[in-house]
Amino acid sequence: MAQTQTTATAVARPPLTAFSWKSAGIAIGALIVFDVLINVYERLFALTKGLDYTSADYETYWMSMLFAELVMEAITAGALWGWLWMTRDRALDRLSPAEELKRYWALALFVVTYTYAAYAGASYFTEQDGTWHQTVIRDTDFTPSHVIEFYQSYPIYIIFGVGSLVYAMTRLPQFAKAFSLPYVILVGSPAMIFPNVGLNEFGHTRWFMEELFVAPLHWGFVTFGWGALAILGTWLQICPRVLALINHIYYGKPIQSPAEVMKDPQSSCDPAACVACAM
Amino acid sequence: MQYSQVDAEAKAVARKFDVVVLLSTFLALIAGFHVHQMLVAGDWSFWVDWKDRNWWPIVAPIMEITFPAAVQAVLWTRFRMPIGATLCCLGLLFGEWMNRYINFNGWTHYPLNFVFPETFIPAAVVLDIVLMLTGNWIVTALVGGELWGWLFYPTNWVMIAPFHLPVEYQGSLMSVADVINYMYVRTSTPEYLRIVETGTMRSFAGGVTGVAAFFSAFVSVCMYVPWWLMGAHFFGSTKFFKTYESASTEVKHA
Numbered sequence: 002m003a004q005t006q007t008t009a010t011a012v013a014r015p016p017l018t019a020f021s022w023k024s025a026g027i028a029i030g031a032l033i034v035f036d037v038l039i040n041v042y043e044r045l046f047a048l049t050k051g052l053d054y055t056s057a058d059y060e061t062y063w064m065s066m067l068f069a070e071l072v073m074e075a076i077t078a079g080a081l082w083g084w085l086w087m088t089r090d091r092a093l094d095r096l097s098p099a100e101e102l103k104r105y106w107a108l109a110l111f112v113v114t115y116t117y118a119a120y121a122g123a124s125y126f127t128e129q130d131g132t133w134h135q136t137v138i139r140d141t142d143f144t145p146s147h148v149i150e151f152y153q154s155y156p157i158y159i160i161f162g163v164g165s166l167v168y169a170m171t172r173l174p175q176f177a178k179a180f181s182l183p184y185v186i187l188v189g190s191p192a193m194i195f196p197n198v199g200l201n202e203f204g205h206t207r208w209f210m211e212e213l214f215v216a217p218l219h220w221g222f223v224t225f226g227w228g229a230l231a232i233l234g235t236w237l238q239i240c241p242r243v244l245a246l247i248n249h250i251y252y253g254k255p256i257q258s259p260a261e262v263m264k265d266p267q268s269s270c271d272p273a274a275c276v277a278c279a280m
Numbered sequence: 053m054q055y056s057q058v059d060a061e062a063k064a065v066a067r068k069f070d071v072v073v074l075l076s077t078f079l080a081l082i083a084g085f086h087v088h089q090m091l092v093a094g095d096w097s098f099w100v101d102w103k104d105r106n107w108w109p110i111v112a113p114i115m116e117i118t119f120p121a122a123v124q125a126v127l128w129t130r131f132r133m134p135i136g137a138t139l140c141c142l143g144l145l146f147g148e149w150m151n152r153y154i155n156f157n158g159w160t161h162y163p164l165n166f167v168f169p170e171t172f173i174p175a176a177v178v179l180d181i182v183l184m185l186t187g188n189w190i191v192t193a194l195v196g197g198e199l200w201g202w203l204f205y206p207t208n209w210v211m212i213a214p215f216h217l218p219v220e221y222q223g224s225l226m227s228v229a230d231v232i233n234y235m236y237v238r239t240s241t242p243e244y245l246r247i248v249e250t251g252t253m254r255s256f257a258g259g260v261t262g263v264a265a266f267f268s269a270f271v272s273v274c275m276y277v278p279w280w281l282m283g284a285h286f287f288g289s290t291k292f293f294k295t296y297e298s299a300s301t302e303v304k305h306a
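Read top to bottom, the protein sequences are chains A and V. My numbering puts the first sequence at residues 2 to 280. My numbering puts the second sequence at residues 53 to 306.
Calculated from the structure, these hints are not laboratory results. Any given hint might turn out to be false.
What the hints assert, rightly or not - Per label pair, the in silico range of CB-to-CB distance:
| # | chain 1 | residue 1 | chain 2 | residue 2 | range |
| --- | --- | --- | --- | --- | --- |
| 1 | A | Asp142 | V | Gly187 | 48 to 54 Å |
| 2 | V | Pro163 | A | Ile138 | 28 to 34 Å |
| 3 | A | Trp86 | V | Gln54 | 54 to 60 Å |
| 4 | V | Thr295 | A | Glu211 | 20 to 26 Å |
| 5 | A | Glu211 | V | Glu297 | 25 to 31 Å |
| 6 | A | Thr141 | V | Arg67 | 37 to 43 Å |
| 7 | V | Phe146 | A | Val185 | 24 to 30 Å |
| 8 | A | Trp84 | V | Thr129 | 37 to 43 Å |
| 9 | A | Val72 | V | Arg67 | 37 to 43 Å |
| 10 | A | Tyr54 | V | Met235 | 15 to 21 Å |
| 11 | V | Glu302 | A | Thr141 | 32 to 38 Å |
| 12 | A | Lys103 | V | Phe266 | 20 to 26 Å |
Since the model is a prediction, treat every value here as computed from it, not as a measurement. C-beta: ideal position from N, C-alpha, C; glycine also.
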C-alpha cells in the first residue's frame with residue numbers, strides 16, 4: 002500500500018514514567034475491592050433481607066441499592082463520556098509521536114480495566130447468579146443477585162468499554178475519522194448483554210420460572226458474549242501502529258504521519274508487523 | 053552506550069505493551085467464553101449428576117470447540133503461536149473455578165465434589181498440537197475436531213468415575229452422583245428439567261458413551277470450521293469503516 006514516509010532525525014522520547022501502571026492499578030484495585038465488598042454485602046443481606054420482595058427490609062437493603070446504583074451509573078457514564086468528548090483533541094493531525102505513544106499506553110490501560118470489569122460481570126457475577134437461583138425461589142426480577150449482576154456489574158463494564166472507545170476516537174488518529182469494526186464489536190456486543198436482560202426477565206416472568214442455564218431464553222447473552230473475541234482484531238489494529246511508533250521514536254525508522262493515518266487508518270495495520278512482533 | 057540505553061528503553065516499553073495485550077486478551081476470553089459456556093452447556097458443568105455418559109459428552113465438546121477455533125485462527129495465522137485452544141480453555145477453567153469455589157461452595161455450601169467443572173485442557177493441548185504439526189486448519193478441523201470429541205470423556209473420566217459407581221438407595225439402584233443430587237436440592241433446576249440419560253440412545257447400553265463421543269466428534273469437526281472462519285475474518289478483522297464526513301467526494305455522491 003502506498004505510504005508517504007518521513008524520516009525523523011531526532012525524535013523526542015517520552016520518559017519511562019509515562020508508561021506507569023499506576024492508573025490501571027488504582028482502577029482495577031478499586032474494582033476488586035468494590036467487588037469483594039459487594040460479595041460481603043450479598044453474603045450478609047441476600048439470604049437475611051432479600052427473600053421477600055414485599056417486605057420493608059427488601060425495600061431498604063435491596064431496592065434502595067438498586068435505585069442508588071442506577072443513578073450513580075448514569076451520572077458516572079455521562080460524566081466520563083462527556084468529559085472525554087469535551088476535552089477531545091481537535092488537532093490530532095499534528096500529534097507528536099511521543100504523545101501518541103503515551104496515549105496508546107493510556108488506551109491500553111483503559112482496555113485492560115474494561116476487560117477486568119467484563120470478566121467480573123460476564124464470568125464471575127453471571128455464574129454467581131446461577132448459584133443464587135439454585136438456592137432460592139425466584140420471586141422478583143430484582144432479586145439480590147440481579148441487583149448486583151445485571152444492574153451493577155454489567156453497567157460498570159459498559160462504562161469502561163464505551164469510555165475506552167470514546168478515548169480512542171477523541172485522542173488517537175487511527176480511530177478519529179473511521180469506525181474500527183473489531184473495537185465497536187468488542188465494546189458494543191457485550192454492552193448489548195445489558196439490554197438483553199429485558200428479554201431475559203420478561204421470559205422468566207411470562208413463561209419460564211426455572212433456571213435451566215442452557216435454556217434458549219439465555220442464548221441472547223451467549224451471542225453478545227461472542228463479541229469479546231473481537232479483542233483479537235482490536236489489538237491487531239493497535240499493535241502495528243504502536244510498534245511503528247516505538248521503532249520511530251527509539252530507532253528513527255520512518256513512520257506514517259498522524260494525518261495520513263487519519264485519512265487511511267487501514268494502512269496503519271500492517272499484518273507483517275504482527276509477525277515481526279512475534280519474532 | 054547511548055544506543056544500548058535507547059534500545060533498553062524501547063524494549064521496556066514494548067514489553068509493557070505485551071503484558072497489557074496478553075492480560076486483557078486473557079480476561080476478555082474468560083468473560084466471553086465463560087458466559088458462552090455456562091449458558092449453552094453450563095448445567096452439565098455445574099453438577100456431577102449431570103455429567104452423564106449420554107448427553108454431556110455430546111453437548112460440552114461441540115459447544116466448547118467454538119472459542120478455541122476462533123482464537124487459534126488469529127494466534128496461528130498472525131503469530132504462529134499454537135496456543136489458542138489451550139489459552140481459551142485455561143481461561144474458562146479459571147473462570148469456572150473462581151465461582152465454584154467462592155460461591156457454589158463458599159456461599160451456598162454445595163460440596164465441591166458436587167460442583168467441580170469439567171476440563172478441556174488435555175483436548176485443547178491436542179488440538180493445538182495438531183495445528184502446530186500440520187500447519188493446516190482444515191486438517192486440524194478434521195483430525196483435531198475428531199480428537200476433541202473423542203478425548204473429552206476419557207480425559208474427564210478420572211474425576212467422575214467414583215460418582216458413577218452404583219448404590220442401592222431406598223430400594224432403588226442409583227449412581228453416587230444421583231444420590232448426591234437427591235440430597236442437595238436445586239431449587240430452580242427441578243428433576244423434570246434434568247437432561248440426563250434420556251432418549252433411545254440408552255438402548256445401546258454399555259456402548260452409549262462411544263456412540264455419543266462419535267457423534268460429538270463429528271459435530272465438533274463441523275463446528276470448528278465456521279468458528280475458525282469467524283475468528284479469521286470477523287473477530288480478527290482489522291477493518292475500518294470511514295465516517296461520512298471523511299468519505300471521498302465520489303463516495304458521497306454515489
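Going down the list of hints, with the structure as the test:
no. : hint                               : result
1   : A:Asp142 with V:Gly187: 48 to 54 Å : holds, 51 Å
2   : V:Pro163 with A:Ile138: 28 to 34 Å : violated, 22 Å
3   : A:Trp86 with V:Gln54: 54 to 60 Å   : violated, 42 Å
4   : V:Thr295 with A:Glu211: 20 to 26 Å : violated, 46 Å
5   : A:Glu211 with V:Glu297: 25 to 31 Å : violated, 51 Å
6   : A:Thr141 with V:Arg67: 37 to 43 Å  : violated, 50 Å
7   : V:Phe146 with A:Val185: 24 to 30 Å : holds, 27 Å
8   : A:Trp84 with V:Thr129: 37 to 43 Å  : holds, 39 Å
9   : A:Val72 with V:Arg67: 37 to 43 Å   : holds, 42 Å
10  : A:Tyr54 with V:Met235: 15 to 21 Å  : violated, 29 Å
11  : V:Glu302 with A:Thr141: 32 to 38 Å : violated, 57 Å
12  : A:Lys103 with V:Phe266: 20 to 26 Å : violated, 56 Å
Checked against the numbered hints given earlier, this structure breaks hints 2, 3, 4, 5, 6, 10, 11 and 12; the rest are met.
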